[in-house]
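Hey, can you work out the whole structure from these sequences and the hints?
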Amino acid sequence: MTSKKRYERPVVTKHYSGFMNKIGTSSFSKPMKEIDGVQVTELVEKFGSPLFIISERRIRQNQRNAYRIFKTRYPKVQFAWSYKTNYLNAVCSVFHQENSWAEVVSEFEYDKARALGIKGDNIIFNGPDKNKSALIKAIKEKSKIHIDHFDELYDIIEICDSENLRAKVAIRVNMDVGVYPKWDRFGFNYENGEAWQAIKRIVSNKNLELIGLHTHIGTYMMSTEAYRIAASKLASLARSIKEQFEIIIEYIDLGGGFASHNTLLGQYLPAEETIPSIDQFADAISSGLFELNFRQDELPFLILETGRALVDDTGYLVSTVLANKRLSDGKKALIIDAGVNILFTGFWYKHKITPAQDCGLHTEEAAIFGPLCMNIDVVRESITLPLLKKGDRVVIEYVGAYDMTQWMQFITLRPNVVMIMEDGSVELIRQAETLEYITQRELIPEKLKSKS
Amino acid sequence: MNIFSIPANVAVSDTGFVFLPTTGETFTLNEIGKEILRMLQQNKNLDEITEIILENYDIDRMSLEKDINDFLAQLKNYSLLVEV
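Chains A and B, in that order, give the protein sequences. First residue of the first sequence: 1, per this note's numbering; consecutive thereafter. First residue of the second sequence: 453, per this note's numbering; consecutive thereafter.
FYI, nobody ran anything at the bench for these hints, they're computed from the structure. It cannot be assumed that every hint is accurate.
Stated by the list, open to error - PhoX-like cross-link-like pairs, simulated, lysine-lysine; straight-line CA separation at most 20 Å:
| no. | chain 1 | residue 1 | chain 2 | residue 2 |
| --- | --- | --- | --- | --- |
| 1 | A | Lys140 | A | Lys206 |
| 2 | A | Lys14 | B | Lys528 |
| 3 | A | Lys142 | A | Lys168 |
| 4 | A | Lys331 | A | Lys389 |
| 5 | A | Lys389 | A | Lys4 |
| 6 | A | Lys84 | A | Lys119 |
| 7 | A | Lys112 | A | Lys142 |
| 8 | A | Lys5 | A | Lys389 |
| 9 | A | Lys14 | A | Lys331 |
| 10 | A | Lys242 | A | Lys206 |
| 11 | A | Lys325 | B | Lys528 |
| 12 | A | Lys33 | A | Lys46 |
| 13 | A | Lys33 | A | Lys390 |
| 14 | A | Lys168 | A | Lys137 |
| 15 | A | Lys140 | A | Lys112 |
| 16 | A | Lys119 | A | Lys137 |
| 17 | B | Lys528 | B | Lys496 |
| 18 | B | Lys518 | A | Lys325 |
| 19 | B | Lys518 | A | Lys5 |
| 20 | A | Lys331 | B | Lys528 |
| 21 | A | Lys332 | B | Lys528 |
| 22 | B | Lys518 | A | Lys389 |
| 23 | A | Lys142 | A | Lys206 |
| 24 | B | Lys496 | B | Lys486 |
| 25 | B | Lys518 | A | Lys331 |
| 26 | A | Lys14 | B | Lys486 |
| 27 | B | Lys486 | A | Lys5 |
| 28 | A | Lys168 | A | Lys242 |
| 29 | A | Lys389 | A | Lys332 |
| 30 | B | Lys518 | A | Lys390 |
| 31 | A | Lys331 | A | Lys350 |
| 32 | A | Lys4 | B | Lys486 |
| 33 | A | Lys389 | A | Lys33 |
| 34 | A | Lys325 | A | Lys390 |
| 35 | A | Lys332 | B | Lys518 |
Predicted model, so just to flag it, every value in this text is computed and none were measured.
In structure tokens:
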């Protein structure tokens with residue numbers, strides 16, 4: 001048998017002058033054929049395509065690393081896993097095994113944490129929407145309720161009075177930390193005295209116990225200085241509370257918002273080269289907390305609700321090329337089987353996309369579209385990739401944060417999610433959806449039912 | 453009969469570097485692209501080109517047909533190919 005040469009589809013690439021830069025770009029280097037030692041091909045053959053893959057090992061590494069970084073700068077540190085970032089039970093369970101509490105922002109998330117066995121006092125209940133039944137449950141279970149607005153504060157006072165309960169509460173504080181846009185829609189404002197008003201109202205009520213102060217200054221923050229300012233303002237509030245009311249709060253919660261290694265659509269340089277490390281965020285926060293000036297035994301815990309920076313790089317999405325197309329202007333387009341329905345963060349990130357099999361050296365600029373019959377389904381306007389053919393696979397990286405919570409059941413069904421365990425085994429952690437799963441909550445009025 | 457033709461002034465080097473003197477534009481071809489362009493310059497028709505590639509490369513006829521059509525569209529888009 002004569003062996004034939006390896007085929008690569010014919011391509012002609014035009015040269016453009018004037019577009020080089022002195023930095024250069026780190027273009028595609030080598031294919032990603034395995035994840036945590038498991039062959040991508042094997043995973044897709046067993047679990048289908050598209051497929052979300054999460055690395056247990058990487059989650060634990062990230063969490064341990066972040067804890068070590070903060071603990072070496074401040075003596076009392078507690079992490080609380082941000083459920084909205086990724087609330088798949090298996091993912092939450094890994095974080096809880098790493099001693100993270102739960103940080104929830106709805107009754108649904110609260111119930112999810114309780115169902116996973118998290119005790120009420122290890123749940124931080126954030127967010128503007130806490131209905132009465134959720135509040136009663138949270139108060140009874142002694143969870144840490146972070147009050148967002150005065151209406152909620154008065155609801156809690158009323159519930160405690162009528163039900164003869166005592167609530168453990170903190171307030172969320174918003175503030176000017178020198179970044180735009182200013183997040184002032186959540187919590188009580190620091191600068192105009194609203195936060196202090198709320199604190200006074202809380203400490204004057206015998207049924208409320210003020211245990212903490214919380215802020216969350218933004219999302220995908222690239223400025224460490226903003227965290228230093230936030231920490232120092234909360235520290236100064238804590239000091240005032242001690243001086244005026246002789247109350248030593250249990251914790252200061254700096255929220256989350258640290259940027260991950262995903263590059264934003266409008267960002268020129270890759271995020272790996274521009275965003276601060278967790279060490280730098282930790283330096284800023286711990287230096288801001290110097291303002292506390294508390295005795296060692298009075299120091300409050302530092303709580304962190306870091307989500308994105310701990311889980312984004314633990315998730316991968318494997319997708320298959322459905323078709324190659326050429327657009328009317330001659331530009332190449334790839335259609336893959338993962339669209340913005342499951343890659344929601346594609347609306348704001350330039351994800352790293354790597355072929356999952358060996359490729360030739362030639363590359364081509366292409367647009368990547370998802371499978372939806374909708375014009376919005378653009379995974380990437382333009383990316384340089386090796387020549388890919390129908391059936392080839394790509395690995396989309398940094399999809400651990402928000403994709404598995406903000407994804408939509410739209411036009412098609414959501415795929416399997418697997419976790420590669422520390423020992424190299426692979427576990428299915430969310431089954432692909434079925435028609436029955438989607439329609440089980442639907443009802444058809446009797447008169448619309450087919451007679452045939 | 454071959455309905456395509458490569459303009460006579462298109463210069464292709466052994467490494468696949470293409471120069472179009474009418475506009476000053478330059479291009480790069482990959483190995484198979486270079487072979488196909490060479491065969492078009494030699495006035496081979498599409499059937500002949502297809503058979504030669506099938507004989508030498510690990511590819512099925514249907515996929516090759518799609519890829520050649522796409523390649524010809526690229527060449528046409530860059531004015532490296534004219535229909536005659």
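Verification of the hints:
1. A/Lys140 to A/Lys206: Cα-Cα ~16 Å, so holds.
2. A/Lys14 to B/Lys528: Status holds; Cα separation ~13 Å.
3. A/Lys142 to A/Lys168: holds, 6 Å
4. A/Lys331 to A/Lys389: holds, 16 Å
5. A/Lys389 to A/Lys4: holds, 19 Å
6. A/Lys84 to A/Lys119: Given pair A/Lys84, A/Lys119 holds - Cα atoms ~18 Å apart, limit 20 Å.
7. A/Lys112 to A/Lys142: holds, 16 Å
8. A/Lys5 to A/Lys389: Answer holds: A/Lys5 to A/Lys389 is near 17 Å, not above 20 Å.
9. A/Lys14 to A/Lys331: holds, 11 Å
10. A/Lys242 to A/Lys206: holds, 17 Å
11. A/Lys325 to B/Lys528: holds, 16 Å
12. A/Lys33 to A/Lys46: holds, 15 Å
13. A/Lys33 to A/Lys390: Since the Cα atoms of A/Lys33 and A/Lys390 sit roughly 17 Å apart, the hinted pair holds (cutoff 20 Å).
14. A/Lys168 to A/Lys137: holds, 12 Å
15. A/Lys140 to A/Lys112: With Cα atoms ~17 Å apart, A/Lys140 and A/Lys112 stay inside 20 Å; holds.
16. A/Lys119 to A/Lys137: holds, 12 Å
17. B/Lys528 to B/Lys496: Holds, because 17 Å separates the two Cα atoms, which is no more than 20 Å.
18. B/Lys518 to A/Lys325: holds, 10 Å
19. B/Lys518 to A/Lys5: holds, 19 Å
20. A/Lys331 to B/Lys528: holds, 13 Å
21. A/Lys332 to B/Lys528: Measuring from Cα to Cα gives roughly 14 Å; hence the hint holds.
22. B/Lys518 to A/Lys389: The hint holds at about 11 Å.
23. A/Lys142 to A/Lys206: holds, 16 Å
24. B/Lys496 to B/Lys486: Since the Cα atoms of B/Lys496 and B/Lys486 sit roughly 14 Å apart, the hinted pair holds (cutoff 20 Å).
25. B/Lys518 to A/Lys331: holds, 16 Å
26. A/Lys14 to B/Lys486: holds, 14 Å
27. B/Lys486 to A/Lys5: Holds. B/Lys486 to A/Lys5 sits at ~15 Å (cutoff 20 Å).
28. A/Lys168 to A/Lys242: Holds, at about 17 Å.
29. A/Lys389 to A/Lys332: Given pair A/Lys389, A/Lys332 holds - Cα atoms ~12 Å apart, limit 20 Å.
30. B/Lys518 to A/Lys390: holds, 11 Å
31. A/Lys331 to A/Lys350: OK: A/Lys331 and A/Lys350 at ~19 Å, within 20 Å.
32. A/Lys4 to B/Lys486: With a Cα-Cα distance of about 18 Å, the restraint between A/Lys4 and B/Lys486 holds, given a limit of 20 Å.
33. A/Lys389 to A/Lys33: holds, 16 Å
34. A/Lys325 to A/Lys390: Given that 20 Å is the threshold and the Cα spacing comes to 10 Å, the pair holds.
35. A/Lys332 to B/Lys518: Measuring from Cα to Cα gives roughly 14 Å; hence the hint holds.
Of the hints listed earlier, there is not a single one the structure fails to meet.
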